[in-house]
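Residue numbers (this note's numbering), protein chains in the order written: chain A, 18 to 153; chain B, 20 to 499; chain C, 509 to 1002.
Just so you know, these hints were derived from the structure itself, not from any lab. Hints may be right or wrong, so weigh each one.
Quick partial rundown of chain A residues pointing at chain C, CB under 10 Å, derived from the structure [claimed, not checked]:
1) 35
2) 65
3) 104
Using 20 Å as the maximum straight-line C-alpha spacing, the simulated EDC-like pairs for lysine to aspartate or glutamate come out as follows [said to hold, decoys possible]:
4) C:674 to A:124
5) B:373 to B:314
6) C:616 to C:585
7) B:122 to B:91
8) B:175 to C:944
9) B:384 to B:293
10) C:674 to A:132
11) C:674 to A:80
12) B:375 to B:487
13) B:373 to B:423
14) A:117 to C:665
15) C:674 to A:127
16) B:373 to B:463
17) C:674 to A:130
18) C:674 to A:118
19) B:122 to C:665
20) C:674 to A:126
21) C:674 to A:72
22) C:616 to A:118
23) B:174 to C:944
Away from chain A, derived, C-beta distances all over 10 Å, residues of chain C [claimed, not checked]:
24) 677
25) 698
26) 980
27) 981
28) 987
In this text the structure is predicted, and so the values were computed from the model without any measurement. C-beta: ideal position from N, C-alpha, C; glycine also.
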Amino acid sequence: MSHFPGLFNYWIVIFLMMAGFYVVISQGNLVKKIIGLSLFQASAFILYISEANVDGGHVPILEEGITLYSNPLPHVLILTAIVVSVSTTAVGLALIVRIKETYGTVEEDELQEIDNAQDEADTPDQKQQIAEEKEI
Amino acid sequence: MNPLIWLPLTPLLVALTLPLCSRWPNLREGITLLGGLGLFLLSLTQYLSAEIPSELILATPLPGYPLLFRPEPLGIAFSLLVSFLWPITSLYAVGYMRGHKEKNQTRFYVFFALSIAVTQAIALSGNMLTLFLFYELLTLMTYPLVTHSGSEEAKKAGRTYLGILMSTSIMFLLLATVWSAQLAGTLEFTPGGIFPDTLTSLTLNTLLLLFVFGTAKAALMPFHGWLPQAMVAPVPVSALLHAVAVVKAGVFTLLKVVIYLFGSDLVAGLSAAEFVAYLAGFTLVTASLIALRKDNIKARLAYSTIGQLSYIILGTMIATHSSVVGSSMHMVTHAFGKITLFFCAGAILLATHKTKVSELDGCGKQIPVTIGLFTLAALSTIGLPPFAGMWSKWWLLQGTVETEHYLLTAALLLSSILNLAYLMEIPLRAFLKPAQTATPVYQEAPLLNRTAATVTTALCIILFLLPEQLFQHFSMLGGG
Amino acid sequence: MSLSLHLPVLVILLPLMASPLCILIDRARASWLITLIASLLSFYCSVLLLQQVQITGTISYELGGWQPPWGIEYRIDLLSAFMLILVTGLATLVLLFARYSVEQEISKLRIVPFYATLLLAIAGLTGICVSGDVFNVFVFLEISSIASYTLISMGRDRRALNAAFKYLVMGTIGATFILIGIGFLYMHTGTLNMQDLAGRLPALYDNRTIRAGFAFITVGIGLKLALFPLHLWLPNAYTYAPSVVSALLAATATKVAVYMLLRFLLNIFSLDFSLDAMPLDLILIALGSTAIISASLVAIFQVNLKRLLAYSSVAQLGYIALAIGLANHSGLTAAMLHIFNHALMKGALFLSLGAMVYKLGDAELHSSQGLIRHMPLTSVSILVGGLSLIGIPGTAGFISKWYMIQATLELGLWPLALIILAGSVLAVIYIWKIVESIFFQSPPSTVAVHEAPVSMIVPMAILAAANIYFGLNTHLTVDLADSASTLLVMGGGQ
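Isolated chain A (complex conformation) (with noise of 0.2 Å):
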C-alpha cells in the first residue's frame, strides 16, 4: 500500500472515469449523460497532466539554475482534448436541444418509446399493403 499516497492521482482518474462512465449507462436523461460523459473525459485530462509531473521537476519555464522541468508536453496535448470535448459536448447539447424540440422530451425511455411506437406505425402498414396486394 506504500504506492497509494504516490499514486493518488491516478486513483483519482480511476474514480471519475468510473463515476463517468456509469452515469453515461445509467441515466436515462440526455443532458446528464453529456455530464457523464464529460466527467469521462476529464479523467484523461488528469491522467495526462498527472504523467507530466517529474519527481522534483520544476515548471517548465526557462529560469537560471534550473535544471530539472516538468514534462510541458502533455498539458500541450491535453489542451487540444480540452477543445475536442468540449466541441464534443457543445454537439452533444445542441442535439438534445433538437431532440426536445422535436420529441418534446430528453428521456431516453420515452425517446425509445415513441420511436419504437414510429416503427410500427411504419410496418404494419406495409403489411397491410402485401396483404391487399394478394388479395388483387
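For this one, chain A is given, so just place chains B and C on it according to the hints.
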C-alpha cells in the same frame, strides 16, 4: 481477333440486339434463328478446320489464374451440341411461345440467348476459375426464364432453383476450387490431373466430394430438388436448358474435374468416387421409381433427366476408359433423346392442352406424328437399338462390368426397365387405350414444333449409325 | 515544383480550408461546387502522392519544418496512399451525386453548413490517413467524428437525432479510450511519433501499462469501426442519415477506422505482439465470425433497404476483422482488398438507394417494387452492387472473398472458410429479396417516376462499373494490397 471469342459472342450479340426490336416479333425471332444458325455454322467450321486456336485469355482477375478459353474434345462436343440445338429450339420456341400466347417474349429470347452464350463459355473453359465464373452466371441467366410466368408458383420455384444451385456452388464448389488452387498452385485443366502425388487420400476424397456436391446442376441426390421445380418454365426452356444446357453443364463440370483436375487414374482409386458412384446408382433407381409415379408429363421427364444424369456421374466416377467414354457419349445421346421428349410434351400441350399422363388416353390417333416421335425418342432414351442411346449405355455397362461393380450393373439394368415402364406408358395409353370421355377433335401442333422434334429424332438415329466416330472422338479424352 | 513537396498536407488543407469558405460565401450552389472542387483536387493530390510513393518509397513530411520526433510528422507509405485514394475518390463521387439529393433532403437553411461539415469530415478522414503521430490521429479522428454526428443528425427523419446522439455517446467513449491508451503509451515511451514508438515499444512488451494501453486503443478503435458487438450505433445512424452521408460514411469512415486498427496493431505494435503474444487474433476471428453470421441473419429480416445494407456493413466489417485476425500475409492482403472492394460496393448501393429516395421518397422494400420499369439504371446498379456483395465471380467482391478463403486454408482453418462462404449464402438471400422486388414485382400503379438526373446516375454508374472492372482486372488493387501488407507484416521498419 481470336475466332474462339465468337462462340460466346454471337449469342451475346443476339441478346443485345433483341431488345431493340421488341416491337417487331418477326424480326426478333428472325434474328434469334439467324444467330443460332450462324453460331452452329461457326462452331462447325471452327472445329472441323485444323487451325483452331489453342487458347484465348480473356482477362486475369487473379495473378496466375486467368479467364481462359481452351477447347478440348469434351468441350468441343458440348459446344457443338448446344450450338446445334439452339436454332432448333428457337424454331420450336417461336411456335410454342406464339401458340401459347406467352407474355414478355422479348425478355424470354434475350435470356435464352444469354444462357447459350454462357454455356458456350462453359464448354470452352480452360481452367476451373473460368468454369466456376460461367457456372454461376448460368444460374443467374436462367433464373428469369424459370420465373418467366411471374406467378407465385414460378417465384417459389425460382427461389428453390437459386437457393439450391447458388448455396451449393458457393459453399462447396468455390471452396473446392480455392482449395485446389492452394494445393496445386494452378487450376488449369491438364490431361492427367494437376494434383501433386504428395496429397493424402483424405484430402483428395474430401475434395472430390466437395466438387460433386458443389455441382448441384448435375442433380445428384440429395441436391436434385431444383430440377422438378424448374419445370414451371416454358417448355423450350425445360427442353434446351433443363434437359441439355444447364444439367449438362453440371455433368460436364464433373467430367472436367475428374478427367483434367484429378485425372481418371487417380479417381479410380478413391473411395469417395466409389461412394459417389453408388450414390449415383441409388439416385438413378430412385429417380426412375419416382418418375413412374408422376402423372404430370414434364415432372416425369424431369425425374427421368435426374436418373439419366446419374448414369453420367456413375460412369465418370468409375473412371475406366470405357465408362468415361460412355459418360461423355451419354451427355450427347441423352440430349437428343430428352429434348425430343420435351418437344413432344410441349406439342401435346399445344395441341390438346393436356399436361397429365392419365389424360392422354386415346389421343394417339388424332396427333399420331407427335406421339410417334415421342415413342422413338423414348426408345432412344431407354437405350434400345436402332437409336443412339444404346451406345452410351453399352459403354457404361461395360465399365461397371470391367470394374466388377456388379451391383451397379444391376442398377443400370433395373433403371432401364423402369425407363421402359414410365416412358412407354405414354404412347401405349395414347395409341391403345380408348378415350375415357368423348373428346373434342385435336389438331396436331404447329408445323414448326413438329419439324424441330423430327430433326432431333433423326439425330438419334444418325448417331446410332456412327458409333465408331463417337467412340474415337471421346477416346481422345484418355482415362483408365 | 515546390508545391509537390507539400502534397501530404495539401490533401488535408484543401477540404479544411474550403469549409470556412463555404460559410463565408453562403450560397447553396456555390458551396456544393466548392466542396466538389476541393475534394476533386484532394483526390488529384492523392493520385500524385501514390505515384510519388511508388517511385520514391515512403514520404516523410515535417509539419511546420519541425523535425520529428519533436515536430509532427506526416508519413505516407503505400497503405496511406491507398486509403487516401479511397477516401478522396469516393468523396468526390459522392459529392458529384450530392447536389440534387441534398437539395431535396436537407432544408434550405442548412445546406451551406451541411457542406461545410462534410468538408470537415473529409479533412478528418484524410488526416487520419497521413498522420505519423498518434496524438494527431486522435485529433483528426475527433474532427471527422464530430462532423459525422452533425451530418447524421441532419437526416429528414427525426429519429436521425436520436441515432446521432447515440453515436455521439458511443463514439466519444471510443475516442476517450483511444486517448487514454495513447496516454499510457506516452507514459512509458515519451514519444508520440509512430516510428519512434515502433522503435521503443518492443523492449516494453512485457510492461503492464503498455499492455493496458494496447487494450484501451483496440477497444476504442473497435467502437469506431463497429466491430461486433460494438456496432450498435451503426444501423440507426446509417438508416436515418441523409443518403449522401450514409454513402460517404459506409464507404469511407469505417474503412478509415480499420486503417487505424492496422496501423496500431501492425506498425506501432508488431504482428508478433498484437496477434500472437496478446490473444487478439482469436478475439478478432471470433468476433468477426459472429458478426458475419449474426449481422447477415438480421439483415435478411429488414424491410428498410438502408438498414438492411447497414447490417450487411456490420457483417462485411466482420469479414475484414476475421481476415486481420488470421495474422498472415494473405489474410492482410484480403483485408485490404476487402476494404477497397467493400467501399466500391457499398458506395454503389447506397448511392443507388439515394437515387431511389430522391425519386420515391423512401428506401423501403415495398417502394422498390418494379423499380426496373421506372429507373432501369438505378436498378441495374443495385443489382451489380448486390452481386458484388455476394461475391459472384467477375465482380470485385469475389476477389476479396477468394483471397480470404485462401488465407484461411493456408492456415488449415477450414471451418472459417465455411463461415465466410455461409456469409455469402446469407448475402444471396438478403440481396435476392431486393432483386426479386425490383425486377420481378409489378410496380404500384400510383407511382409514375423517371430515372434520376444525370449527375446522380454518373457517379453511381462509375461505382457499379468499378465493381466489375476491379473484378476482372486486379493488377492495381491486388498489387497495392500485396505490397502494403508486405510492409505491414515486416512491421514499422520501412
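> Looking at the structure, which of the earlier hints fail to hold?
Replying inline: 1, 6, 7, 9, 11, 12, 13, 19, 21, 24, 25
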